[in-house]
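All chains should be modelled from the sequences, with the hints used to inform the complete structure.
Now for the letters of each chain:
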Amino acid sequence: MTGNESGEESTPRALLEAVDLHKSFGPTPALDGAGLSVRAGEVVAVMGPSGSGKSTLLHCLAGILTPDKGTVRYRDVELSAMGDGARSELRRTDFGFVFQFGQLVPELSCLENVALPLRLGSVKRKQAESRAREWLERLEVADVADKRPGETSGGQGQRVAVARALVTGPRVVFADEPTGALDSLNGERVMQLLVTAAKETNAAVVLVTHEARVAAYSDREVVVRDGRSREMEPVT
Amino acid sequence: MKRWFSDLALGVRLAIGGGRTSWVRLALTGAGIGIGVAVLLTASSVTTVLGDRADREAAVEPVSAEPGSGGDVLHSTFWNTDYRGHAITGWFVKGDGPGAPVRPGTTRVPADGEVFLSPALAELLASPEGELLRDRFPQRVIGTIDQAGLIAPNDLMFYAGDATLAEDSADAISAFGGARQDRELDPILSVLIMVGVVALLFPVLVFVGITTRLAGAERDRRLAALRLVGAGAQRVRRIAAGEALLGAVVGLAVGAALFFTARQFVEGVRLLGVSVFVSDLTPSAPLAVLIAVLVPVMAVVTSVVAMRRTVIEPLGVVRRTKPVRRVLWWRVVPIALGAVALVTQAGAFGDTGSGSAEIVIGGIILLLLGIPVLLPWVVERAVGRLRGGAPSWQLAIRRLQLESGTAARVVGGVAVVLAGGIALQSVMASAQARIVDRPLLDPDKGRMVVSLQDSPPELTEQTAGLLARSVGVRQVHPMRTVTLVAGPNEYHAVTVGSCEALRTQAALPSCQDGDSFYVDPGSVSSERPSERAELEPGQRVSVLIGSDPDQSGPQWTVPAFTAVKAPDDPFMYRFGLLVTPAAARDLPVDPDGASVLVEVDPDQPEIAEHVRNALAPMTWRAYTSYFGQVEASQRVQEFQSIRQALLAGSLITLLLAGASLLVLALEQVRERRRPLAVLAAGGVPRGALGRSLLWQNAVPLLLALVVAVGVGGSLAVLLLRIISQPIVLDWPGIGVLSGAAALMVVVVTLLSLPSLHRATGALGLRSE
Numbered sequence: 001m002t003g004n005e006s007g008e009e010s011t012p013r014a015l016l017e018a019v020d021l022h023k024s025f026g027p028t029p030a031l032d033g034a035g036l037s038v039r040a041g042e043v044v045a046v047m048g049p050s051g052s053g054k055s056t057l058l059h060c061l062a063g064i065l066t067p068d069k070g071t072v073r074y075r076d077v078e079l080s081a082m083g084d085g086a087r088s089e090l091r092r093t094d095f096g097f098v099f100q101f102g103q104l105v106p107e108l109s110c111l112e113n114v115a116l117p118l119r120l121g122s123v124k125r126k127q128a129e130s131r132a133r134e135w136l137e138r139l140e141v142a143d144v145a146d147k148r149p150g151e152t153s154g155g156q157g158q159r160v161a162v163a164r165a166l167v168t169g170p171r172v173v174f175a176d177e178p179t180g181a182l183d184s185l186n187g188e189r190v191m192q193l194l195v196t197a198a199k200e201t202n203a204a205v206v207l208v209t210h211e212a213r214v215a216a217y218s219d220r221e222v223v224v225r226d227g228r229s230r231e232m233e234p235v236t
Numbered sequence: 001m002k003r004w005f006s007d008l009a010l011g012v013r014l015a016i017g018g019g020r021t022s023w024v025r026l027a028l029t030g031a032g033i034g035i036g037v038a039v040l041l042t043a044s045s046v047t048t049v050l051g052d053r054a055d056r057e058a059a060v061e062p063v064s065a066e067p068g069s070g071g072d073v074l075h076s077t078f079w080n081t082d083y084r085g086h087a088i089t090g091w092f093v094k095g096d097g098p099g100a101p102v103r104p105g106t107t108r109v110p111a112d113g114e115v116f117l118s119p120a121l122a123e124l125l126a127s128p129e130g131e132l133l134r135d136r137f138p139q140r141v142i143g144t145i146d147q148a149g150l151i152a153p154n155d156l157m158f159y160a161g162d163a164t165l166a167e168d169s170a171d172a173i174s175a176f177g178g179a180r181q182d183r184e185l186d187p188i189l190s191v192l193i194m195v196g197v198v199a200l201l202f203p204v205l206v207f208v209g210i211t212t213r214l215a216g217a218e219r220d221r222r223l224a225a226l227r228l229v230g231a232g233a234q235r236v237r238r239i240a241a242g243e244a245l246l247g248a249v250v251g252l253a254v255g256a257a258l259f260f261t262a263r264q265f266v267e268g269v270r271l272l273g274v275s276v277f278v279s280d281l282t283p284s285a286p287l288a289v290l291i292a293v294l295v296p297v298m299a300v301v302t303s304v305v306a307m308r309r310t311v312i313e314p315l316g317v318v319r320r321t322k323p324v325r326r327v328l329w330w331r332v333v334p335i336a337l338g339a340v341a342l343v344t345q346a347g348a349f350g351d352t353g354s355g356s357a358e359i360v361i362g363g364i365i366l367l368l369l370g371i372p373v374l375l376p377w378v379v380e381r382a383v384g385r386l387r388g389g390a391p392s393w394q395l396a397i398r399r400l401q402l403e404s405g406t407a408a409r410v411v412g413g414v415a416v417v418l419a420g421g422i423a424l425q426s427v428m429a430s431a432q433a434r435i436v437d438r439p440l441l442d443p444d445k446g447r448m449v450v451s452l453q454d455s456p457p458e459l460t461e462q463t464a465g466l467l468a469r470s471v472g473v474r475q476v477h478p479m480r481t482v483t484l485v486a487g488p489n490e491y492h493a494v495t496v497g498s499c500e501a502l503r504t505q506a507a508l509p510s511c512q513d514g515d516s517f518y519v520d521p522g523s524v525s526s527e528r529p530s531e532r533a534e535l536e537p538g539q540r541v542s543v544l545i546g547s548d549p550d551q552s553g554p555q556w557t558v559p560a561f562t563a564v565k566a567p568d569d570p571f572m573y574r575f576g577l578l579v580t581p582a583a584a585r586d587l588p589v590d591p592d593g594a595s596v597l598v599e600v601d602p603d604q605p606e607i608a609e610h611v612r613n614a615l616a617p618m619t620w621r622a623y624t625s626y627f628g629q630v631e632a633s634q635r636v637q638e639f640q641s642i643r644q645a646l647l648a649g650s651l652i653t654l655l656l657a658g659a660s661l662l663v664l665a666l667e668q669v670r671e672r673r674r675p676l677a678v679l680a681a682g683g684v685p686r687g688a689l690g691r692s693l694l695w696q697n698a699v700p701l702l703l704a705l706v707v708a709v710g711v712g713g714s715l716a717v718l719l720l721r722i723i724s725q726p727i728v729l730d731w732p733g734i735g736v737l738s739g740a741a742a743l744m745v746v747v748v749t750l751l752s753l754p755s756l757h758r759a760t761g762a763l764g765l766r767s768e
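Sequences listed follow chains E and V, in order.
Throughout the first sequence, residue numbering follows the working numbering, covering 1 to 236 in sequence.
Throughout the second sequence, residue numbering follows the working numbering, covering 1 to 768 in sequence.
Don't read these hints as lab results, they were simulated from the structure.
One or more of the hints may lead you astray.
[As the list claims (entries may be wrong)] From the structure, some residues in chain V lie toward chain E, with a derived Cβ separation under 7 Å:
hint, residue
1, L14
2, G17
3, G18
4, R222
5, A225
6, L228
7, V229
8, G230
9, A231
10, G232
11, A233
[Claimed, not checked] Simulated pairs of lysine-lysine, DSS-like, Cα-Cα distance not exceeding 25 Å:
hint, chain 1, residue 1, chain 2, residue 2
12, V, K2, E, K124
13, E, K147, E, K124
14, E, K147, E, K126
15, E, K126, V, K2
16, V, K565, V, K445
For each residue, glycine too, the CB sits at the ideal point set by N, CA and C.
Set out below in structure tokens:
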């Protein structure tokens with residue numbers, strides 16, 4: 001099944017939908033007609049080998065990269081038509097991000113990091129930090145609230161990142177290899193917490209991974225290869 | 001606006017939140033900006049220094065009493081003496097009533113036998129160094145002259161009461177305080193200040209620029225993380241500006257602290273023999289406000305400009321444009337414009353004094369600014385042609401070929417210091433050479449001249465008696481001088497003395513009492529045209545009494561004389577008539593004209609001080625001149641000390657540039673930690689990596705040296721032409737500065753080796 005076919009399969013209830021995406025970096029094509037649709041509250045795993053274009057697909061879906069061709073629609077609004085300010089606001093209010101590493105601000109404490117999206121949205125500090133503390137507790141890392149990211153373990157740091165991704169109550173969480181730098185035990189725990197918390201808040205999760213063990217947490221899987229996407233048949 | 005403050009505050013929070021690295025970065029930025037602020041505050045105090053001095057000079061300016069105006073007046077006579085090369089000046093005064101004016105800086109008119117001393121003179125007299133001087137100040141000290149009565153803190157000044165003051169010859173003062181007269185700075189000094197300020201400030205700006213890029217990779221990551229969670233591009237810029245702003249504010253505080261601390265010691269510093277009071281060194285209020293506003297603005301602008309080619313995206317930082325091959329034409333424009341500006345001012349600060357300081361400063365700025373503008377092109381082209389070599393060389397050259405801009409910017413700061421230093425040193429060397437090359441007068445250690453003021457003949461005898469009893473005095477020859485008026489603006493000097501005395505003034509063929517001689521001034525010099533006209537024996541002339549040439553004095557007939565040549569002795573010759581006492585019997589006496597020639601033992605230590613002390617009872621009536629010390633050699637020493645101070649200043653600024661280089665070297669090692677660790681893991685020896693660091697620093701610096709010597713030398717030539725000085729390049733100074741720069745590269749490389757060692761360890765291979 002091609003990306004176009006994937007697009008045809010989407011229903012009007014799709015929250016986020018990408019159709020026929022093309023993206024090149026210089027002479028190297030990263031996406032060559034990929035597509036994907038995500039419904040509210042579902043967990044979609046995007047799988048594929050290294051260099052297949054799965055991270056590029058995620059970045060286009062999140063409005064971080066603008067595709068050379070094709071459309072990405074979120075709640076029926078095309079992302080490429082939005083300005084930088086509107087896309088920044090979208091990332092702040094509707095989207096959350098968990099990457100393999102590097103997404104936390106090293107100068108801020110874990111609590112401040114989690115509160116940061118709220119504070120950028122003009123929520124008062126006390127209120128923002130109170131909500132951030134709740135999420136740190138939920139993700140079982142309240143004890144590192146006053147530490148800087150560099151002072152925590154990898155697993156703790158990822159849970160802080162998950163807390164930050166969810167603190168604004170996003171509709172979509174983008175997770176790019178969220179357990180890539182963790183051991184299996186920590187990876188499992190992070191995934192359990194991420195998926196549980198997302199389900200509780202009815203947030204969709206777009207999960208980029210090359211590990212079947214991680215993909216097992218998803219409702220359905222899409223494989224990306226050579227810049228094209230293909231829906232995996234559900235295992236019966 | 002609230003959002004603005006909140007973003008700036010977040011920037012500040014990020015700037016201090018990164019632990020030790022953040023604090024080190026903040027400290028370096030604060031130090032760099034602080035030094036610049038301190039220099040700016042000093043420069044902004046120059047107007048206050050000059051203004052306050054002029055105010056005090058005006059406040060002590062005496063107002064002459066109108067004849068017959070009534071009221072109490074102060075009679076005052078100026079006197080000065082030398083002590084071991086230091087000039088001591090002061091006044092002997094006598095008030096003729098309780099309403100006599102009190103000089104600023106003193107509390108009352110000193111009575112007979114009382115004296116006020118300046119703090120510096122009081123300190124000198126109290127110290128062992130002043131032991132030989134104490135005989136000249138036997139008065140009772142009743143206080144010190146405070147700042148209001150002094151021009152500079154190192155003034156050696158006194159203010160003494162003397163009841164024997166001759167009222168008719170002393171100045172009658174009704175009050176103190178005149179109009180302020182602003183002085184213009186010496187042109188050489190002005191040019192030196194202009195070069196100094198630009199050469200000193202520029203590296204500071206470069207340092208500020210470098211420190212704002214310090215930990216650039218971390219900042220980029222931080223800002224990208226902010227973008228990821230929804231901060232817009234504008235907000236990220238504001239947050240980055242907040243980070244820079246904190247550095248600027250810390251720099252302002254550091255600079256102000258540095259300035260006000262250093263200011264406390266300013267009274268002990270003498271530049272060109274001048275010192276200033278602590279309170280003089282106060283920045284003018286408008287300039288201080290300007291500095292407080294401009295410095296943070298500049299820091300923020302520098303930071304924003306540094307980001308102009310980068311776009312912070314949620315996934316990191318991308319370059320807006322691909323690196324393009326640098327073009328030459330616009331890079332030579334500043335240097336060309338600067339050179340043209342300075343060429344137009346050739347000779348303008350020399351004899352004519354019609355120069356425009358603005359054009360000169362503009363020219364200097366453009367020329368020095370041209371160096372960092374030109375250097376990236378020079379470095380790019382030069383390293384682009386380099387090939388081959390050992391692996392360490394190849395690693396360094398390839399790295400420079402890939403990205404030479406940052407290295408060129410840092411060595412640009414070094415090059416500006418070097419060029420400024422070369423120009424400063426050369427201007428000073430030229431000025432010094434002019435003094436050294438000027439034919440110096442041989443010091444005459446065997447003779448002194450004592451000029452007597454308001455002295456009746458018996459006082460001359462008394463003086464001769466005092467001198468004869470002094471240590472080291474061999475012979476005394478009393479003389480007196482009278483001025484003759486032979487016609488309008490035609491004056492002739494008559495010196496009356498024994499044959500023995502007159503022989504010290506001219507080469508006399510033979511001499512007996514009753515003989516007269518005439519020394520033709522044209523035989524030595526043509527500097528005094530009014531005395532060129534020859535006198536005729538038997539000619540009737542009038543004698544000038546006092547200083548008013550219009551008042552015709554008593555008549556006198558010129559006796560028969562023998563014309564003689566002036567002696568080949570630059571200290572002693574006198575022009576005009578030399579007359580023995582018998583030939584001058586009917587010559588009216590001018591009380592101001594008496595003098596005594598003293599032959600002294602040149603080998604007697606401190607002979608001049610002994611003779612001056614012997615004359616202490618004469619106080620204001622006797623002035624001594626001694627030619628045993630040559631002024632020019634003191635000036636040479638002074639110039640030498642200024643040059644050394646400038647060299648030290650240049651080296652200190654070079655140190656700051658070295659700090660920039662070190663910061664950059666450490667930063668590069670940190671940012672390239674992983675590739676360096678991979679190279680080390682793959683078997684590349686750490687020594688080779690260390691040498692590659694050395695070449696990476698040394699190659700741009702060598703190129704910077706070439707450009708700096710070229711531009712600095714040209715600047716020196718242009719400046720010397722502006723002040724009409726002979727063109728002398730200070731090659732030893734250039735050598736010292738270049739050597740210091742080369743040494744700096746080696747030291748910077750050595751200091752960055754521990755960091756390289758850490759980076760190439762096993763942990764360097766970790767990507768997180």
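**Study point:** Restraint satisfaction for A231/V [CB to CB of chain E, less than 7 Å]
**Key:** holds, 6 Å
Practice item. Go through the hint on R222/V and say holds or violated, using the shortest Cβ distance to chain E against 7 Å. Key: Status holds, d = 5 Å.
Check your understanding: Straight-line Cα separation of K147/E and K124/E no greater than 25 Å?
Key -> holds, 21 Å
Practice item. Hold the hint about G232/V up to the distance rule: shortest CB distance to chain E must be less than 7 Å. Key: holds, 4 Å
Review point. Was the hint right that V229/V lines chain E, CB cutoff 7 Å?
Key: holds, 4 Å
**Study point:** Restraint outcome when G18/V is required to lie within 7 Å of chain E by C-beta distance
**Key:** holds, 4 Å
Review point. Holds or violated: L228/V as interface residue toward chain E, Cβ cutoff 7 Å?
Key: holds, 6 Å
Point to revise | Supplied contact hint for L14/V, tested at 7 Å Cβ to chain E | key: holds, 5 Å
Point to revise | Restraint check for K2/V with K124/E, where alpha carbons must lie at most 25 Å apart | key: holds, 12 Å
Check your understanding: Between K147/E and K126/E, is the straight-line Cα distance small enough, at 25 Å or below?
Key -> Holds. K147/E to K126/E sits at ~18 Å (cutoff 25 Å).
**Study point:** Agreement of hint G17/V with chain E interface, Cβ distance less than 7 Å
**Key:** Cβ of G17/V sits 3 Å from chain E, so the hint holds.
**Study point:** chain E contact restraint for A225/V - C-beta distance below 7 Å
**Key:** Hint holds; A225/V Cβ to chain E Cβ min 5 Å, cut 7 Å.
Comparing the model with each numbered hint stated earlier shows that all of them hold.
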